[in-house]
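> Chains B and C: place on chain A using the hints.
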Amino acid sequence: MTQRNYLNADYGIRSWLLTVDHKRIALLYLASVTLFFMLGGVFAMMVRLELLTPAGDIMQAETYNKAFTMHGIAMVFFFLIPAIPAVLGNFLVPMMIGARDLAFPRLNLLSWYLYVIGALFTIGAIVSGGVDTGWTFYTPYSTTWSNTNVVPVALGIFVTGFSSILTGLNFIVTIHKMRAPGLTWFRLPLFIWAHYATSIIMILGTPVIAITIVLVALERVANLGIFDPTRGGDPVLFQHFFWFYSHPAVYIMILPAMGIISEVVACFARKRIFGYGFVAFSSLSIALVGFLVWGHHMFVSSQSVYAALVFSILSFLVAVPSAVKVFNWTATLYKGRISFETPMLYVFGFIGLFTIGGLTGLFLAALGLDVHVHDTYFVVAHFHYIMVGGTIMAYLGGLHFWWPKITGRLYPEWWGRLSAGVIFIGFNLTFFPQFILGYLGMPRRYHVYPEEFQVLNVMSSAGASILGVGYLIPLVYMIWSMRYGKPAPANPWGATGLEWTTPSPPPTENFTETPVVTREAYDYVDLTAEGGGIA
Amino acid sequence: MPEARAMASHLHHFDSADQQKDAATLGMWVFLITEILFFGGLFMAYVVYRSGYPGAWVEASRSLDLRLGAINTAVLICSSLTMALGVQAAQLGRRKALVGWLVATILLGGAFLGIKSVEYAHKFAEHHVPGPSFVFHGAEARPAQLFFSLYFAMTGMHALHMVIGLGLLLNLARQSRAGRFTPAYYTPVEMAGLYWHFVDIVWIFLFPLLYLVGRH
Amino acid sequence: MSGHVVPSKVYFAIFATLIVLTGLTVAAAMVDLGPLNTVVAMSIACAKATLVVLYFMHARYGSRLIWVMLCAGVLWLIILIALTMGDYATRGWMKQSARQVGAVTAPRLAAVSPFPERQRGEDRGPRERIDVEAQVSGRRLVVAFHDDSVIGPGGIETGGVRCPEMFGQRPVMRHHGASDSFTRGLASSATRIARSGVARTGRSLRTAPA
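Chains as they are written, first to last, in this note's numbering: chain A, 1 to 535; chain B, 1001 to 1216; chain C, 2001 to 2210.
Bound conformation, chain A alone:
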């Protein structure tokens, strides 16, 4: 039975490349970010292979520098920042608020094209020699001394940044102006609050990295000397510029993930989210306070100690709203009717791993401790716990949760649970040893290390291979399910939310009539009483 839906509404490559349907654009993004995820994974593989042995035997230092740089660039700018907002956000934001599309559908398509253009620049730069500055591009190395393709990569990131800005702009206007009648702010799904907060960060932060990149490019190309110490410039000023965006950028990566967690937790505990208002406001607080802490990346950079103190205190404060969310999710689970479908497994993984990552962030926020572990594997482990153990787990959980809605098919549940387990095990095996390595003093961004660190490094590389397999399995079965999966009903999970009131997959215009909302969010108790449940 093939109803008319957004997938079969029109055929041919032009209908996809020239679409203005937010759902199709979401799928275009899905393909692109998955490609970059795999590219980033290849570079990670190079790094972990080299680190199997203490000597620098597989590649030279310069090549290793390029490997970790390009791993970071591909993963941060081309996967983690766009993934959840541009895939799940684009697909779900209009549907969750009862709209037919985002406010600016053509800008939405433009944002995808900007992503692709930026990606092509970067791939071109990678293919023609790569970059070795680290994804952080610190000056004066990136402006004066590096002989690699800094400018093309920087321009690629610049262009992709505008993709981010346009997505954020679209979400803000849509959420303000296109909510269905009766859908007041406090009836919105927390996924929407999360994306709203994320969009604020995208709007306010991304332009600063844009101008930073312009200045670096101008310094390389036109010899302007903003960061050049021989002309009176301060290389540390670059770090202020860079981290003003790149710290909030990590909140761009985690806030949408937290939005997914709220949706999935409520559904699989069959309970409304505990403390909805707190969770909503915590998203906004993270967005705001997240802009005040960037100096914690610069504690040992010759930044003033007094500024460092202020940033340290603020960094402790920014952990509070995240903790509020974790407590609220836990309270939601308490006395809920919990079931362990694949999305829920990813949620459990998220809550545990994000907590570890977040707490180790507090270690790093403490000035004294940071001095010892800065630029070691402790930091690497910390941010991978958040970005991989947090964001990617939530992303996969969300993809599985909304897969039936997006494709009209069910993925194979047991394979889903298996890969969630493999990913969890592989992840911890990869990154937990890195906490220990960092604490023992192994510095990051080195292709050689003292022999006594080898055992832990081998464990980490072994874990990475398991993790890689864990990521490949869903790739296979999800593609498989698009053709051969069981057709999905409109609401396979018995979840609340306007998106579940449409057929799976939805028609192009989402809703034949604009819905009128009378219920609060997550009113699962009512649903259960009416016999709602897993279809």
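The hints are simulated quantities; they were obtained by calculation from the structure and are not laboratory data. Don't take every hint at face value.
For the chain B half of the interface with chain A, some residues (derived, Cβ under 8 Å), not all of them [said to hold, decoys possible]:
1) H1012
2) S1117
3) V1118
4) Y1120
5) P1130
6) A1139
7) R1142
8) S1149
9) F1152
10) A1153
The beta-carbon is built from N, C-alpha and C at its ideal position, and this holds for glycine as well.
Using the frame of chain A, we list chains B and C on its own:
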């Protein structure tokens, strides 16, 4: 008028023309806020280095042509006036006036860019362009290069935005002549107006910061 | 903003005000008001910008949401500038700057490497080197970079162009090592900093006799 739109028509995903206009306006303001932060980065670098090298800043600023800068400021303010009057003409359905005001804005913007290029030519001739051939005759020559780096970055970025604005306005003038805008639909004119005024505001800040340091 | 037509009179009045304010700011710049010069100039600029936003951009007749967004944008810019200046303004407060650490009590380390035994195989030759001056004093390692240094046959000499002073200090990088892993921490710090700083790609550091 073949391209005139019907009275309350709107794109399919909106519920009303009002909602569409509201959304467009909000969207343009959000975009302008991103521009505040974009230029803001340059202002931040300016503040940092001016507070670090006050002497160099005075010397370097004095070497800029105050007359041309002031004239340019007046030119841009005029162009903001003509742009605002253009929007008003669109609101009142006065097609010819709209085209006239848009053309006036374009001419004034062009004049600004012309004067700017004269200034740039002076800077090139005096070897005040940062780089290996930079020469500055002053007590603090080395940090003066920072001033000029920021001068070129800031005014260059501003000029780039003006060029884009001129392109937008040319397109608008063309569409206005063809009768595309009516009192029921003039949103693109208003949006271009917002953008143009923003570019004017950036210059309002650039002028005193670059030209008026230590002039006494 | 839904169609409120502002009368031409208002536009011309605002225009005139803006021109007058421009003249005022030029005039004020010609008078020596000390630190107030900047305050006056910025106040006038803010006043002009406000007039443009309110009347030319119709914010006066627009919705509160636009106002909130605008204030947020300006606030964020202030955050960017204020917190960054918080760093620069307080740098000179630190009593122990690089120059005061000049009297070293510990041996002077020339460029150091964490893995001296590996360095020999990876020498790139004396043609291009990083110039690093690492001074150890108590628990503090101060690494300063110099451009255009001259390399002598016996090791690394420092000299040539020094970085100009700013905020009462030369731009230097500091790293504090822990006492138990002191040597390795210092050494790897110096290498890290040197590599991430002025170092050319892949050039290794030489160990010189302390």
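> Does the structure break any of the earlier hints, and which numbers would those be?
Hint check: 2, 3, 4, 6 fail, others pass.
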